[in-house]
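Chemist: Just so you know, the sequences run in chain order A and B.
So the first sequence is numbered by the UniProt record's numbering: it starts at 1 and just counts up by one.
So the second sequence is numbered by the UniProt record's numbering: it starts at 1 and just counts up by one.
Keep in mind the hints are simulated off the structure, nothing from the lab.
Built from N, CA and C at the ideal position, the CB exists for glycine as well.
There are no misleading hints in this set.
Think about it this way: if two alpha-carbon atoms lie no more than 25 Å apart in a straight line, the pair counts; the simulated DSS-like pairs of lysine-lysine are:
#1 B:343 <-> A:106
#2 B:272 <-> A:234
#3 A:129 <-> B:85
#4 B:279 <-> A:234
#5 A:260 <-> B:34
#6 A:129 <-> B:64
#7 A:99 <-> B:343
#8 B:3 <-> A:234
#9 B:85 <-> B:64
Between beta-carbon pairs, the in silico distance windows are:
#10 B:54 <-> A:241: 37 to 43 Å
#11 A:46 <-> B:94: 28 to 34 Å
#12 A:239 <-> B:222: 25 to 31 Å
#13 B:124 <-> A:56: 57 to 63 Å
#14 B:41 <-> A:244: 39 to 45 Å
#15 A:352 <-> B:54: 53 to 59 Å
#16 A:239 <-> B:152: 48 to 54 Å
#17 A:183 <-> B:287: 24 to 30 Å
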Amino acid sequence: MAAEQERAAEAVERVEKELRHLQKQTRQRRPNPPIWWSYHSVRQYLHALKIWVWSCILELSWIHWIVFQVQNMLLRILQVGPVPRHVSFIMDGNRRYAKSLNLPTKSGHEAGAWTLLSLLASCKNLGVKTVSAYAFSIENFNRPREEVELLTSMLAEKLDEVARRALDRESELFGVRVRVVGERSLISKALNDKITHVERMTEASDSMVLYVCFPYTSRNEIYHAVYDAAERCKYHGQPVEDIDVENFTNSMFLGNYSNKCDILIRTSGHTRLSDYMLWQVHENGVVEFTNTLWPDFGFIEFFIMLVKWSFLTCLQRRQLANTPLRSQVFNLLKKNLLPFKHKKVSYEDLPEPPQAVSIILRG
Amino acid sequence: MSKIQDTVLKRQDENWREDERDHRRVRAITNGVKNPGRPSVGNVKKVLETAVLVGSDSEEVRRKLAQHRETGSWAQGRVEYAFYKILLSMLLVAYACVRYAQYEYNRVKILVLNLAYNPSNTPQLIRQDVLKLPKLPKRLAAILETKPDGDVGGGVGGVLNDGSELVAWSVSAGIKHLILYDHDGHLKRNVDDFRSNVFHKLSKFYDPSNVPKFAVRVPQWNKVYFNTPGTETGEARKVAIEISLLSNRDGRETIIDLTKTMAELCAHNEMKLSDITMKLIDSELTQLVGHEPDLLLYFGPSLDLQGFPPWHIRLTEFYWEQDNDQVTYAVFIRGLKKYASCKVNVGK
Numbered sequence: 001m002a003a004e005q006e007r008a009a010e011a012v013e014r015v016e017k018e019l020r021h022l023q024k025q026t027r028q029r030r031p032n033p034p035i036w037w038s039y040h041s042v043r044q045y046l047h048a049l050k051i052w053v054w055s056c057i058l059e060l061s062w063i064h065w066i067v068f069q070v071q072n073m074l075l076r077i078l079q080v081g082p083v084p085r086h087v088s089f090i091m092d093g094n095r096r097y098a099k100s101l102n103l104p105t106k107s108g109h110e111a112g113a114w115t116l117l118s119l120l121a122s123c124k125n126l127g128v129k130t131v132s133a134y135a136f137s138i139e140n141f142n143r144p145r146e147e148v149e150l151l152t153s154m155l156a157e158k159l160d161e162v163a164r165r166a167l168d169r170e171s172e173l174f175g176v177r178v179r180v181v182g183e184r185s186l187i188s189k190a191l192n193d194k195i196t197h198v199e200r201m202t203e204a205s206d207s208m209v210l211y212v213c214f215p216y217t218s219r220n221e222i223y224h225a226v227y228d229a230a231e232r233c234k235y236h237g238q239p240v241e242d243i244d245v246e247n248f249t250n251s252m253f254l255g256n257y258s259n260k261c262d263i264l265i266r267t268s269g270h271t272r273l274s275d276y277m278l279w280q281v282h283e284n285g286v287v288e289f290t291n292t293l294w295p296d297f298g299f300i301e302f303f304i305m306l307v308k309w310s311f312l313t314c315l316q317r318r319q320l321a322n323t324p325l326r327s328q329v330f331n332l333l334k335k336n337l338l339p340f341k342h343k344k345v346s347y348e349d350l351p352e353p354p355q356a357v358s359i360i361l362r363g
Numbered sequence: 001m002s003k004i005q006d007t008v009l010k011r012q013d014e015n016w017r018e019d020e021r022d023h024r025r026v027r028a029i030t031n032g033v034k035n036p037g038r039p040s041v042g043n044v045k046k047v048l049e050t051a052v053l054v055g056s057d058s059e060e061v062r063r064k065l066a067q068h069r070e071t072g073s074w075a076q077g078r079v080e081y082a083f084y085k086i087l088l089s090m091l092l093v094a095y096a097c098v099r100y101a102q103y104e105y106n107r108v109k110i111l112v113l114n115l116a117y118n119p120s121n122t123p124q125l126i127r128q129d130v131l132k133l134p135k136l137p138k139r140l141a142a143i144l145e146t147k148p149d150g151d152v153g154g155g156v157g158g159v160l161n162d163g164s165e166l167v168a169w170s171v172s173a174g175i176k177h178l179i180l181y182d183h184d185g186h187l188k189r190n191v192d193d194f195r196s197n198v199f200h201k202l203s204k205f206y207d208p209s210n211v212p213k214f215a216v217r218v219p220q221w222n223k224v225y226f227n228t229p230g231t232e233t234g235e236a237r238k239v240a241i242e243i244s245l246l247s248n249r250d251g252r253e254t255i256i257d258l259t260k261t262m263a264e265l266c267a268h269n270e271m272k273l274s275d276i277t278m279k280l281i282d283s284e285l286t287q288l289v290g291h292e293p294d295l296l297l298y299f300g301p302s303l304d305l306q307g308f309p310p311w312h313i314r315l316t317e318f319y320w321e322q323d324n325d326q327v328t329y330a331v332f333i334r335g336l337k338k339y340a341s342c343k344v345n346v347g348k
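Just chain A, same shape as in the assembly (with noise of 0.2 Å):
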């Protein structure tokens, strides 16, 4: 026993470490005084200077250890109540957000891919069965080249990093598994194979699925499944029939997890979905909106919203459960026991009533 919890507390301790790493990865350098008369420069300043002395408090080991305590201990207690199935992410904003911090598109793609790994350990501590997160729409591919290479190279870099932290133990990432869904016929051949590769490699973990949609759009999910399933029919003997609307939605991508998306937040303010699980949200999914651009979408506004669908979850749970006990229990008493039973009347029973008389035909 007391081995154990010295493991426990050695693997807490690793897991500090890596999210230290993490946080020096992201590092900010000071950022430079503004043009003072001019609003917009003013506000890119404070901006920066805000996520620079963040940065800065955060570096102190100690106050670092607080916060992650803090984090563990609020996700344990919302663990206790309803969990969200799928969790889904629009990662949107990391070009206005390096630009804003006069970095290059570069460094605003790593830091929301550090901010996806963050979230996903909040989430997998919370117990989240599927994550997926809309990396690259095929509408993407019209972007400037460089860009679009950049994007790739990094999904294969990030996609290692990933498996890495799958396959270690002592990681806050361990055992989960990574899948990367949509058009894969539009990505190069030798992308595909590491693709492939890493899917082999955490095939066997099951505690949390991560979907990486890449190239994908909604469209082309619902296209697929309708050509899968007149193949299904044309080749495999399937009656037409048997066609409905459960078996469809678990040939899409996301095979079991199609059929609703609990929470889809989408940053950076736009209220539309583009072409993101169109089938999974249009049903009864929630959609959050923020104005916050995707890196700087931390843990406190996500534990909020979290907080939330958890209040509302557990009204409607209540709401559609049956009468609970403890008024059938109630009702079994006040119809039985209590001596004020509800007597049928009969029209029959009730005395005569007394004569009718008419004003107009007395005298």
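Given chain A, put chain B in place with the hints provided.
Modeler: Structure of chain B alone, referenced to chain A:
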């Protein structure tokens, strides 16, 4: 490919009268039967009851409890569990308090907005509001909701009234295509009532002897109705607005019907598998349901798509007013303003 269309339409026709959907469907958690975004004491009590009494979803928590039971430290596990449950309920109560303040703030805001934007049946005012905007959506969609029968503006009559009001505003704003969605298809099933309702509303806005012409389209039955029942003669004249009525039936189920039809054609070798493309599906669904709207207005407390056709919300901009529960002009015009200010860059 009109064959595909015909078959799908036939399939759709078979079971359109199922109207028990509303009782069967699970609503989004933000949009229950009674407004869940409004934290009354009763609601909080219900939340706490579930939060405390119902076990956790998380496998890890359950595993830990079982582990404690096995190792004999049953009490320790239970106490820890109870401790976290108490903290959870405190957290939820705190959230409810914050939410209450937020709710009251939003309601006051909506009241003020409703005072500020009140066209009171005057098309000139609406047109003036719209003229300030740089652009308008070509197709506007709105999700309407049936309220409980006893409420003000509740029942089917309420939906018809809300729908016709929206038509009048859209005509005045100069929008040519309006899509009205209601989950159960009340509008569709009462299409004659709806048409006369629209006519009445429009004759309040405009000169009753020269009411703008309108066409009502029901894609599910592939039918178009002109003006009020009995006055269909003016077909030749250009209509001011085209209204499409959609329901839940046009969503997932239409896609499934399309799939079935295509699968059947493929199986009978009347169509090649390689003929199924995104483009074909898109054109078929455009024929069967309609075009994708540019702006979707929702008049409930927090966005809930209620099964709006999934293929058709690809780039649609959403607008709703937090904690609002009525179909008001303020939401309509603010939605148009939002659309005018937003920039769409597909992928770039």
